[in-house]
Every structure is written in structure tokens, then in C-alpha cells.
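So the chains spell out like this:
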Amino acid sequence: MNIKTISAFVITLLITQLSFSQWTKGKGKGYYKLSAWSLEADQHYTSSGAVDPNATRGNFTMSLYGEYGVTDKIDVVAYIPFLTRIYQNTQVSGTTGNTLQEGESINAFGDVDFGVRYGLIKNSFLALSTTLKLGLPTGKNKGGSDGSFQTGDGEFNQLLQLDAGLPYHLFTKTAYAKTYIGFNNRTEGFSDEFHYGVETGVKFWDKFWMVGRLNAVKSFRNGSLSAQNAQGSIFANNIEYVSVGGDLAYYITKKLGISFTYASAISGRIIYAKPSYSGGVFLEL
Amino acid sequence: MKPFNYLLLIVLAINLISCVQEDIVNDTVPEELRITTSINQLQVGDVIQLEAVYFNNVGQTETKNVVWETSNENVISISDMNIEAETEGLATVTAKVNGETMLLMDSKTLQVVKVGMLPIPSESEVIKVGTLKSTSSYVCEGDFEIAETTTGIAITVASNYRADTTLPGFVMYLTNNPNSIANGLVVDAFDDADGAHYNGAFTFDVAGVGINDYSYLVHWCRPFGIKAGDATINDK
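Sequence lines, in order, name chains A and B. If you count the first sequence from 1, position 139 lands on 139 in this note's numbering, and the numbers rise without skipping. Numbering-wise, this note's numbering comes out as the position in the second sequence, counting from 1, plus 1000.
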């Protein structure tokens, strides 16, 4: 799968998970997470939004995510996919048992995101922040025998995002709700994107969070890159999706916890039509 | 259990499904015996060797013992692998082979004419035709004709030809199995020196190929290993 899609998907899924990104951390405080993320799909949303089958492809990513409060109003944010594995199953004849197409995989570093968040408003009723995330082309934008096994998109993008969150109580439980919008300026012929989403989370027994969210990406379709000139990229440009999912996070101690994340595109264009799963260990300091 | 042990368990569990495994492709097609020699006329005294090819249940060629028969030994006689034009007239030659599951046959009617009466074959006589149709959500449509050339065949797609510009890694193949490109021949591809042709009339020259060598034209997404559309190649 072209990781242009996967990267966007991964980044959206991982960076937004339970990090309360509308609230800045506060000076000297941080949130760090080590995650494993997996998506395997034998069908995809086509450019017309229909679902078509494909040879089973997968993406497995190990990553580090961190947020650190430089000041009370400024956080630095980083997402480092230090191991990304892209693979495709061997295609075997159901008639003869012979191999029709050899399976393949590559393991490589992915595209790093680095960002800065600035807290605009932070009080007991509302948190408003803006974040600038820079997508660095640190992954491989060509890999495998046909170049389609990529761990990066080969382009430098800048996502400017506005997050708004508010705390509330669901009966007696601590809860929050948030929403965000963002503009992702992409280079190297990729179309720019509009990102938006909503999320809510509820805390149980003071150590267990249950979070539900919806994330979406709309392409401005203003890029020049297409399947015709993308040299075999599976998902080259103009990806779109609406995904729903959630987190379950459990605090083992006050600072340390584990989480499980599920997300699945319920509609889309040029993106896999199967759910993704991730698990991780996080640390709040 | 320590947190990193939890993580290790999660990583191991997720990694279990991140291995290269196998997808089973349903690629069964009917066995076929096909006379591939394209000649239709002989002149009295000609001795030629006809060729018939056996395609197994995945469309691959296999060597089999082919038996030839003639409908009229006075017009065309058969000896060993050769046929001989005896006198003017029409005769149907039939190739037979024992397939894996049944007796397979293919026939061809030949005309024998007087010496010197054999018409000079047209360089670009259209012999085969077909219509591409989508088998997926991707665009694949258009009529085509296939003619023999001195070096092979020429596939001419009509003005209503369309391939999907959003299909990643687009390739058009000639094949004998519409569900597999394992033995297919690339006609057009996104990574050709001149790129792929997606829209409108065009002629693809394919060298070293006989007019009866393939029975399907397919549009394929190479990286995804899926078919976008296909066409059966028929006699005109």
C-alpha cells in the first residue's frame, strides 16, 4: 500500500489517541507512548468510493509518540515510526497450488512528524490550541520489486490544526469532548487536505478511559500526482476517508498505562477498507 | 505484569498477522485444444504442418499427443503431422486430444484451390474482434480488432476505448486465463517507455505473437494483483 495513505491514516490515528491534544501539557510535563499498529486488508475503497478486492497487503508499524511542555502554553510533539513493515501475501493458484506471484515485504523507517502546539485558551470550561505539524520525508517512497512497498510518501507536508476541547461529566464520571479542523499543505504534486474530527472520552474508576472518535480527511484534489504518473503507487494521491474508532486505556499506575486502539474507515477513496488495530504503553510525567 | 511485558505481548500478537501468508486465487478455466495455425486456404500440392495447442485448466500450454482427422481425404489427406492438399474443394480438419477430464477437439475448414489461384493475403486483415468490459469498480471499456502483421499482431482499440486513469499500476495483458496473468503477455503498461494509453483509438503492435495464441485481453492492477476488466477474443 502506498504509505501516503497509510501515513496519513497512522498519523491521524496515533497522534490523536488519548493525548488530550487540545490541552497543552504544562511546562516540564510530558506524554510518551510506544505503540504497535497493524492494518491488513484484502479490499480497498476505489477512487469512486466503491469497495474492490485486492491481494492482501499489510502494514505493521512500531512507533514512539511524545508530547512535552516547553512552557505552560507551548508543547513540542513528535511521532517517530522507527519500524514500518509493508508486506503482500503470496498469490497461489487454487487449481494447481503453484505460486502465481511471490509474496514480498520490506522493513524500513517511516515518515517522522514533528510539531509545536500553542495553547490559546485553557480554563476549566474550554481548551483551545493550535498545532503545526511537519511531516518529514524520512521513510522510503519506493520499495519492493515494483516500487509500491513504501514506508514514506517522499514529500514534506505541513498540517495546521485547531483543536477545541471541553471537560464535562457524564453522570458522575469525568469526561471530555473535543473537535478539530486542520489544513494539510502537501508538496511534490500531492493534493492539499482538509482534516476534521470529533472525539469524546469517559473515565471510569479513576484509571480506565474509554474513548470514541471520528476522523475524516477530504482532499482538495489540487495536486498533479495521479495513478498515471505515480509509477505504480497503489494509493498515490487524493485519498479521502471517514473513520470511526476508539481507545481503551488503562492506567496501571498514576503515570503508566496501556492502551488498545481500533479504527476503521466507513467510507473513503483510495484507502484500504479494513480496520486497523494498535496497542501501546504510555507514560505521563 | 510489567508494562513492557504487556507491550511485548501486544507486539507479538499483532506481528503474528503481519507475516507474508498466502492468498488463494480461483484461476480454474476449462481445458482447451486450439488450432493455432491461421491459414485457411491451400493450393493443390501444398504440404503443411498444422499446429494445435493444448491449454490446461489454468490456461497453460502442455504437450499432448494430438490426433488429426479430415472430413474428406480426397481434398486433404493427413500423414503423420502433415496435411496435404490433394484436389480442389473444402475439407474440415479436426484435432483431438485426451484432456484431463474429457476428449477435446478443435476444427478448421480449409479450402484447396488450383495452383496459382491462392489470393495474396492482406497485410492487415482483421481476423479477431472483442469488447472490453469492466469486472470491477474501475473503468474498462471499448471495442478492439486484431490483425496479423508480418512480425506478429496489431491490436487496434477503437475510439470508445477507456482504461481507468486512477487504477494503480495499470497493465493490459494478453492471456489464456482471465483470472491470472501468470502466463500473460504485456501489451501496454504504466511503466512502459511511452507510458500507458488510457483513452481513445490506438494501435498496439505486438511482435512474435500468433493471431490464435491468446484468447483474452485483460486490464490489470499489477501491484494489487486484481483484474479491472476483460474481453474474450473472438473470430470476426
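Keep in mind that the hints were calculated from the coordinates and are not lab data. Even for Gly, the Cβ is constructed at its ideal location relative to N, Cα and C. There could be a bad hint or two in this list.
Cβ-Cβ distance ranges computed for the label pairs, FRET-style [claimed, not checked]:
1. B/Ala1193 x A/Lys73: 51 to 59 Å
2. B/Glu1141 x A/Leu166: 46 to 54 Å
3. A/Gly189 x B/Asn1040: 37 to 45 Å
4. A/Val51 x B/Ala1201: 42 to 50 Å
5. A/Phe220 x B/Lys1133: 52 to 60 Å
6. B/Lys1133 x A/Thr187: 51 to 59 Å
In silico DMTMM-like cross-links for lysine to aspartate or glutamate, where the CA-CA straight-line distance does not exceed 25 Å [unchecked claim]:
7. A/Lys218 x A/Glu188
8. A/Lys142 x B/Asp1080
9. A/Lys207 x A/Glu284
10. B/Lys1108 x B/Glu1141
11. B/Lys1133 x A/Asp72
12. A/Lys218 x A/Glu284
13. B/Lys1064 x B/Asp1213
14. B/Lys1114 x B/Glu1100
15. A/Lys274 x B/Asp1023
16. A/Lys142 x B/Glu1032
17. B/Lys1096 x B/Glu1086
18. A/Lys142 x B/Asp1023
19. A/Lys274 x A/Asp206
20. A/Lys142 x B/Glu1145
21. A/Lys274 x B/Asp1192
22. B/Lys1114 x B/Glu1073
23. B/Lys1096 x B/Asp1191
24. A/Lys142 x B/Glu1069
25. B/Lys1114 x B/Glu1084
26. B/Lys1114 x B/Glu1141
27. B/Lys1133 x B/Glu1145
28. A/Lys142 x A/Glu40
29. B/Lys1236 x B/Glu1141
30. B/Lys1108 x B/Glu1062
31. B/Lys1133 x A/Glu188
32. A/Lys142 x A/Asp72
33. A/Lys274 x A/Glu102
Where chain A lies over chain B, by a calculated footprint (3+ residues, C-beta under 8 Å) [what the hints assert, rightly or not]:
34. 1019 to 1027
35. 1038 to 1052
36. 1133 to 1145
37. 1162 to 1168
**Study point:** Given hint glutamate 1141 of chain B paired with lysine 1236 of chain B - CA-CA distance at most 25 Å
**Key:** holds, 19 Å
Practice item. Take a quick look at whether lysine 218 of chain A and glutamate 188 of chain A sit within 25 Å of each other, Cα to Cα. Key: Distance ~18 Å between lysine 218 of chain A and glutamate 188 of chain A Cα, so the pair holds.
Exercise for review: Given the hint that lysine 274 of chain A pairs with aspartate 1023 of chain B, test it: the Cα-Cα distance must not exceed 25 Å.
Suggested key: Roughly 16 Å between the alpha carbons, so the hint for lysine 274 of chain A and aspartate 1023 of chain B holds.
Check your understanding: Quick one, are lysine 142 of chain A and aspartate 1023 of chain B close enough, alpha carbons at most 25 Å?
Key -> At roughly 24 Å apart (the allowed maximum being 25 Å), aspartate 1023 of chain B and lysine 142 of chain A satisfy the hint.
Exercise for review: Three residues minimum, CB to CB under 8 Å: does the region 1133 to 1145 of chain B make the cut for coverage by chain A? Let me know.
Suggested key: holds (count 3)
Exercise for review: Measure nothing beyond the straight line between the CA atoms of lysine 1133 of chain B and aspartate 72 of chain A; if it is 25 Å or shorter, mark the hint as holding.
Suggested key: Violated, at roughly 62 Å.
Review point. Counting residues of the region 1038 to 1052 of chain B that have a beta-carbon nearer than 8 Å to any beta-carbon of chain A, does the count reach 3?
Key: violated (count 0)
**Study point:** Pairwise hint evaluation, glutamate 284 of chain A against lysine 207 of chain A, where the allowed Cα distance is 25 Å at most
**Key:** holds, 13 Å
Practice item. Mind checking the alpha carbons of lysine 142 of chain A and aspartate 72 of chain A for me, to see if they're no more than 25 Å apart? Key: Distance ~41 Å between lysine 142 of chain A and aspartate 72 of chain A Cα, so the pair is violated.
Point to revise | Straight-line alpha-carbon gap lysine 142 of chain A to aspartate 1080 of chain B, limit 25 Å | key: violated, 56 Å
Point to revise | Pair hint lysine 142 of chain A and glutamate 1032 of chain B, alpha-carbon separation not exceeding 25 Å | key: Violated, at roughly 41 Å.
Check your understanding: When you check the alpha-carbon spacing of lysine 1114 of chain B and glutamate 1073 of chain B, does it fall within 25 Å?
Key -> holds, 17 Å
Of the numbered hints given earlier, the model fails hints 3, 4, 5, 6, 8, 10, 11, 12, 14, 16, 19, 20, 21, 23, 24, 26, 31, 32, 35; all others are met.
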